[in-house]
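S.K.: Both chains are sitting in their own frames, so use the hints and assemble them into the complex.
So the sequence lines, in the order shown, correspond to chains A and B. Quick note on the numbering used here: the first sequence kicks off at 1 and runs consecutively. Quick note on the numbering used here: the second sequence kicks off at 124 and runs consecutively.
Treat the hints as calculated values from the structure; they're not laboratory data. Keep in mind that the hints are not guaranteed to be accurate.
[Stated by the list, open to error] Okay, the calculated bits of chain A under chain B, using three or more residues with CB under 8 Å as the criterion:
#: 1; region: 7-16
#: 2; region: 34-42
#: 3; region: 49-57
Everything numeric in this text was worked out from a predicted model, so none of it was measured. We put the beta carbon where it would ideally sit given N, CA and C, even for glycine.
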Amino acid sequence: MTDRPTLTVDTDDPTPPYEQLRRQLTDLIEYGVLAPDDRLPPLRQLAADLGLAVGTVARTYRELESAGLIVSRRGGGTRVAAARARPPAAVLHERAAAFVRDARLLGADDEQIRAAVAAALGP
Amino acid sequence: MGGIPITVTVLYLVVAAVALTVAWLRARPSRRPPDDPRQRAIRRTTRWRWAGVAVGATLGVAVAAADPLDLGALLAAPVFGICVLVGVLIGEISVAPPGGPTRTAALEVRTVRDYLPRRMSRAVAVAAVGLLALLVVTSANSGPDDAGNPGRALDLRCPPTTAEEHGPWPGTFYSVPLAVVVLLGLVVAYVVLRNIVRRPRPGGTPDLIAVDDASRRRTARAVTGAVGILVGLPLAGVAATASWALLSTACGPAWGRPVGWFLLAAWPVVIALTVWWTTAVLVPKRATAAGVAS
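For reference, chain B alone in the conformation it holds in the complex (with noise of 0.2 Å):
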């Protein structure tokens, strides 16, 4: 998409990495002892994170490269941001169920609700609306390119007899994948979220429920950055490019241009926030309790 995905990446990446240093050096772990079990628990877990942040950003970064028409970079972030999620998942698996011949559990009812961070979740949730929302807007007025390529130009019919095509635009050559991918994507977070809620607990006791909600809330709160990362950077990418390709036309529908300005205004913000859920995923000290290292 005339190389402006790339552009939202580089900047994201800039921001973030100023962003993560500073949440790193706020939020960096107590120490406690190597052999406490619940420790070895959450580092098993923080590991896995760790290990699916790591292949999600080789194989994003190998998506990035692989299409010269920038499909490839949009769907780099849902890449990775699914790989983040399959990590967390496999993590939360490994949490071994209780064993002994005494096992106790509280008669509680757990939702996924009680682990969501309400703020972050309540932004991911319309950050996804409104991608989904504006992929249903570029489709709906999407053509065929200079080249043949169908969806990849924006599609106008200019009064009386004229037309005029600007592209890349976010039509359906870019949005059919990248929806499927990013549906994909909410579908593996469903499961995670509700392993995360029915996974065993490490016993019954006040001291140990604590702990374990504690951890609970974190992996909840990196599961709803992945999301994040994974509608925020192509959320991102559309409202650039469409925004370019809306301010640049000469004629065209009343609300193309409103619409256009509405959209350039709003992906820094996009940005911003894609920065604060990626620190949820690489620092999620936050929600933690004292005691549970990150």
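Extracted from the complex, chain A is given alone in its bound form (with noise of 0.2 Å):
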């Protein structure tokens, strides 16, 4: 039960909690970290371990239901929806356009966001 992915909450954070969870939930299911019909925690399990209210979970749960990511059934529980998961490869070259983008707007040259990269991919 330890190697199981983590949501993370920061009440801080400007941006609703059912939208943190929601966005981490919806991330983990396309990059395939989730795979197709593992089961959800229970809305009070996870609204309890993250000491939040059950609507709240609830709320995300819907918003995934309405986006096909997810499918709850009555006695089965809450499960990742069939084939959601996005290639791998299509994944990384949208983060890596996206990163690209950003570079860019800062003013980056080519030569400063390949040495971004290769700081960040580290020794």
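M.R.: As structure tokens, then:
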């Protein structure tokens, strides 16, 4: 039970807690960390673990269900919907493009961008 | 029931005292700094469990002493078990939810099965089913005793025209209130187990999760033990009384004597199991991870 991914909520963050959870769960599902048919924690359990109201977690689950990322069944819990994970290469390219766009806005040239990536990768 | 429940209880107490002493000596808690927050939470739940034990023992003795027809002696163990369960429940509810601005939770699905001690819970389930089945059989064959108390004697029709009564017998006079209290205890146990699963974790790091899981397993073991006492001691009392009555009849159904011998052989086993379950309530150390004190 200890190798499961974790969720973090920062109550000082202006982003509402339900939205913080929604983003993290969306990433975990789209990146394939959570596989199709993986079960999500029950509402009350997750709300208790994070010290949040049950309604907050319920709203997150509702939004994820509306987006087709999860499916709730009576008696069967809440599970990741089938085939929602995107190919890792596509996600990687998308993230790299977003990083390059941000770097250009900061005024970095190609050499500085490569240096920043190399520094982030470490020795 | 002719003093048999009291005899069974005394025998159980003697064997339990020896087993508890051995278990306690083998599981003396390791000392940790008193300001360790994890230790504080564990001490609080332990205190509530012991409060349940103390209240349960007091109420159990009072209930046992209240009824001259031994109904109280039969209900003492379930009353004790329910008090322990309530103590455990209060201890679990008292675990504070996570505070502070940043909170982390592992994305996991916890179930009761993750924490229940497998062999012990199976043994308790068998005892519970056995008790309820035995009560159905004894109730179906019960009739009024000499004093007119309904369901307190074994009612036999001896062909062609005679009838025979043997009492005391665990008929409806005993089985109905016992079944009600036992079923109430099982409902309380379900609520406690659900609470053990759902209560908040102190954090999401692997270290905290490991310690927290050990604490939950220990509590689930204590709950299983309390349910074991709740069904085990009445089962021993009912089995001993029923076997005595069945083996002392001159006539009766063909199943009477084999069942009587079976129950006679079974009740010491049930006493031994109940002692095991008692150690789980009072010294639930075995299921803990390193560093979690009893």
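S.K.: State for each hint whether it applies.
M.R.: Tested hints:
no.: 1; hint: 7-16; result: holds (count 6)
no.: 2; hint: 34-42; result: holds (count 5)
no.: 3; hint: 49-57; result: holds (count 4)
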